[in-house]
Amino acid sequence: MNQVLTPMLEDPLSGVSEKAASMLANRKPNYSLEQPFYNDERIFKLDIREIFEKEWIFAGMTCEIPKKGNFITLNIGDNPIVLVRGAEDKVHGFFNVCRHRGSRLCVTEKGKVAKLVCPYHKWTYELDGRLIFAGSDMGESFDLNAHSLKPVNVKVAGGYIFVCLAETPPDIEEFTQSLEHYLEPYDTENLKVAVQSDIVEDCNWKLVIENNRECYHCNGSHPELLNSLQQFDDTDDPLATPEYKDLVARKQKDWDDMRVPYTLKYFGKRNRMTRTPLLDGVVSMTMDGKPACSKLMGRITSPDMGSLRILHLPNSWNHWQGDHTIVFRVLPLGPQKTLVTTKWLVHKDAVEGVDYDPENMRKVWDATNYQDKVLAEENQRGINSIAYQPGPYSETFEFGVIDFVNWYSERIIENTRKS
Amino acid sequence: MNQVLTPMLEDPLSGVSEKAASMLANRKPNYSLEQPFYNDERIFKLDIREIFEKEWIFAGMTCEIPKKGNFITLNIGDNPIVLVRGAEDKVHGFFNVCRHRGSRLCVTEKGKVAKLVCPYHKWTYELDGRLIFAGSDMGESFDLNAHSLKPVNVKVAGGYIFVCLAETPPDIEEFTQSLEHYLEPYDTENLKVAVQSDIVEDCNWKLVIENNRECYHCNGSHPELLNSLQQFDDTDDPLATPEYKDLVARKQKDWDDMRVPYTLKYFGKRNRMTRTPLLDGVVSMTMDGKPACSKLMGRITSPDMGSLRILHLPNSWNHWQGDHTIVFRVLPLGPQKTLVTTKWLVHKDAVEGVDYDPENMRKVWDATNYQDKVLAEENQRGINSIAYQPGPYSETFEFGVIDFVNWYSERIIENTRKS
Amino acid sequence: MNQVLTPMLEDPLSGVSEKAASMLANRKPNYSLEQPFYNDERIFKLDIREIFEKEWIFAGMTCEIPKKGNFITLNIGDNPIVLVRGAEDKVHGFFNVCRHRGSRLCVTEKGKVAKLVCPYHKWTYELDGRLIFAGSDMGESFDLNAHSLKPVNVKVAGGYIFVCLAETPPDIEEFTQSLEHYLEPYDTENLKVAVQSDIVEDCNWKLVIENNRECYHCNGSHPELLNSLQQFDDTDDPLATPEYKDLVARKQKDWDDMRVPYTLKYFGKRNRMTRTPLLDGVVSMTMDGKPACSKLMGRITSPDMGSLRILHLPNSWNHWQGDHTIVFRVLPLGPQKTLVTTKWLVHKDAVEGVDYDPENMRKVWDATNYQDKVLAEENQRGINSIAYQPGPYSETFEFGVIDFVNWYSERIIENTRKS
Ligand code: FES
Ligand code: FES
Ligand code: FES
Ligand SMILES: [Fe+3]
Ligand SMILES: [Fe+3]
Ligand SMILES: [Fe+3]
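Residue numbers (this note's numbering), protein chains in the order written: chain A, 1 to 419; chain B, 420 to 838; chain C, 839 to 1257.
For the record, the hints were derived by calculation from the structure and aren't laboratory data. There could be a bad hint or two in this list.
[As the list claims (entries may be wrong)] Keeping only pairs whose Cα atoms sit at most 27 Å apart, straight-line, the calculated BS3-like set for lysine-lysine is: (1) C:K988 <-> A:K373; (2) A:K122 <-> B:K756; (3) B:K529 <-> B:K574; (4) C:K1175 <-> A:K337; (5) C:K1175 <-> A:K373; (6) B:K541 <-> C:K988; (7) A:K45 <-> C:K883; (8) B:K464 <-> C:K1175; (9) B:K792 <-> A:K112; (10) B:K529 <-> C:K988.
[Claimed, not checked] Chain A stretches covered by chain C per the calculated footprint, using a threshold of three residues with CB under 8 Å from any CB of chain C: (11) 11-19; (12) 34-44; (13) 383-391; (14) 395-409.
Yeah, the Cβ is synthetic: ideal placement off N, Cα and C, and Gly gets one too.
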């Protein structure tokens, strides 16, 4: 799309895509990436163009826009996006850009509107994007139908809203069907955001994801998290202990009784989901391991559900417990600047101050997020040196990082080839 | 001039000028510009080089430097400029750059000096720019005359000071002569700045000007302004109502009696001036429509003068009323950063707290400026998206924007061709 | 080293080195540099690569890491460096970058450790850089010895620690031997930092050094400094007065009696050292000229030692007095951003509040640093203009600046040729 819009100025990425793809194709397997992938302005733009403007990106939850006219906004790279609930509960996604002179339409993070009205000159769009008013006098030849909002691809499943800015999005059906299945017990339409945190980390977005994809660093860094978290979620994990395997066997019996899915599934390297127990005796990621919300979600009757972990590359990981859910969204802001949004979800009828205390609920992941921010920023600082050279990932502890880096490399190689 | 100073490093704009000029030559008429004209770093530099370093730029008012030795400073792009009143009331303009090692000379926004003395090593220049002291020992071969301050072209008319940094400035005589004529009633040498506001808008300078060049957005955004402002200033405006035309006819009779000019004049697309009534019964751009200053300017005897509107592209618009005047100056700071300075002028003998209350005087345009800042910044945010594409201007409501964009395009095309 | 790490992306400096070297080779002698040497992003990167990553850089003082395990950190360009005292008092220098995934190891400005332990996954290095622990499972083929910390060259002399990031550092022996000799009286291992100041100046690092290399600007700008400072330090200085020469003769007799060296020595243009009297009757750079610390350094018995001035290009100047010492370190942060660190040193047994008052001690140079910051920033602002052109240095007042600029030019020309 870019080429059409700037037909004549030299593309600042000309030559970069091929070279980056070739560097990735020839990289040392199971080693961290070369320096420019973490700090070069050109590679950052490439990541936006080839990953964030082409892959499915986690944007938000359907429960954030429960009613017709509710909207949320976000930025994917430099692209303001709006997601709005239209007729018949349909979720529409648009570039949040007026077709007149290009103003943002919705200028708040969330809200409710009857129509999408541009704040500048009041051009007005239906919730499905059709332009219905363009001022009193645009001339006879003006064609309303040619000036609808530009849509983005939207995929809704299990309460998640994914968007894809490419014209031809990658196939994601198999994953979203499983997502529906795994999240059926939670009645995801009837949740709400109890707390939200937005932090900016001074590091490349891939360092945020790499940090998340291993628990090799947990012991030394995350005392609060380790009150509840198992450091592995797979009985085939080389680190899994006999005690963990026993616990899994016991819990899976309970979950079978409750008819909730738990099997570990991979969808390529992009997605992964599994239900895993928390520490024995612990039911929620809180400081004391007890539930943070007394009203449970959906058809869930016991808080002792372990944690349903869901990974969506490039930009989300999630923990679904019995009493509350934590969803994470990563959005790149610059070569060394990344926004990490955390939302804690509860049943929509849970009452703040009665059923849950938001300060208590957020404590563990506020601490953990801050610790991870420091780790990732220090990682960035060292990588920026001429002395940095790719180092070896541990196949035992860091297979998740290896998977992420391999996924990233494949996407860059394949997507640049197509474009 | 740049080429001479950096003879060997590749010009970061090499290739850009031609391509930008060609994009402008081939653009869709009456549509907004392509994205890079609003956010590309290279086009920003091109705008500085081809517009702000070559065209006449509004810098300040003569009444700000009433006496010999008074100076004001400003930055045009990266160029610090000083304007100083010299002998025989002459206004001199210089690059505010010492010929020794390049320090700025005058480091405050305004002041009064006997000579221009460099703060670094005290090289000393006459108010006409001649170097008269270069330390006690620069060697025998040193030639004071070869180290005068570098002058900029200065044009003074009707109290306005325009500067041009090019060696051969464009012709501006016809406009400045009319300016003298239209401003004769105001005795512009005997005004003073009652209030000043400097705001930084996070958007391209052209979006500030586009915003100013139409009142299509006024209804929805400017309640304070619409207490006084007519949304058109020309009886030939397609929007002009019969009531407006009647009002104009009545007022012009009064103005004829007062011998003040009012006819709408264009000077190419660069300048425009006209006197137009405010709303019926309103005499000044204040919250209540009443004068903000009880002492009138110059030979004016009634506050009921309507508003003399003056446009100077690329960087100024102005409202001259009977009691006070509002001048606006736009200076680009970056691809998405622009300084907007507003000055409210009154008769120099008007007494603050007696004849005028500055807080009252500034209220309407402080509110309006802030509203326009938000509109222009939201415009920028949408334009930055890959989804942005040039949209159609309304020929009825946005002819002023069309004129500006056409002027801009012509200047870029013509000025790059010459350089 | 860079070429190896980013084999495929175009080097953003390709073509720049040769052009910059050629501009310097053809520049007008005894004139300030062309504009891009003071503000161009590319030349800034060139300065980092060719000067700060290849020359000896003053990093800190040995007395800051008195005991085994003590460390200090600093950034040279984007390179985090750690200096640590190891076994047998040896000072080790490393890129402060973990060989696993590249995290910084030591994340504070100073501290004390038993081993160098990475905060991320606890890889552990001996104080001599050898990796001794890399987690519990890096696989059988993992070779600890291949993952030692990358060392930097370290040179210790007279209490100074210099580092060089190049593989083959320039010869500095002659200078460091003299440094040992001149600093013998001060027992530099037994000093401590009494006060430290870190200021960021919004100007190119070379403007900081140019500012320091002349006292042409002192009269107009440094009232506090001129309470103690002689504006020259060489009886052959064209500005030296008969009174100064007399004073030197008298003082040198005293210094001979004390067996302290004073002769002016040059080591190429890179280094210079000399002992010179302060103003007659003054013994220290304080507001009243009296000592700031009652406990003298080393074997010094009288505070009346004048000032031992030491210059080390590209990044340090120093004043050694009888009672306290002031060391300055300059580190570039960006084309127009520079960190200037000042440390005031005293005998390590001097007691704060008893032997010295830090607020009193820092007063003169805090004032002077601030004045110089303003001068250098105003210099930068003027240089950024298209009107700036290199101006003539005074051979009488600014020979030190000429020497610096010549040294810089030679290093760029020679180092780019080699790389
Ligand atoms: S930009 Fe949206 S209506 Fe004008
Ligand atoms: S820079 Fe102006 S006198 Fe030196
Ligand atoms: S980055 Fe240092 S141990 Fe992993
Ligand atoms: Fe973590
Ligand atoms: Fe407006
Ligand atoms: Fe100084």
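Results of checking the hints against the structure:
no.	hint	verdict
1	C:K988 <-> A:K373	holds, 26 Å
2	A:K122 <-> B:K756	holds, 25 Å
3	B:K529 <-> B:K574	holds, 19 Å
4	C:K1175 <-> A:K337	holds, 20 Å
5	C:K1175 <-> A:K373	holds, 26 Å
6	B:K541 <-> C:K988	violated, 49 Å
7	A:K45 <-> C:K883	holds, 21 Å
8	B:K464 <-> C:K1175	holds, 21 Å
9	B:K792 <-> A:K112	holds, 24 Å
10	B:K529 <-> C:K988	violated, 54 Å
11	11-19	holds (count 3)
12	34-44	holds (count 6)
13	383-391	holds (count 8)
14	395-409	holds (count 3)
Violated hints for the displayed structure, listed by number in ascending order: 6 and 10.
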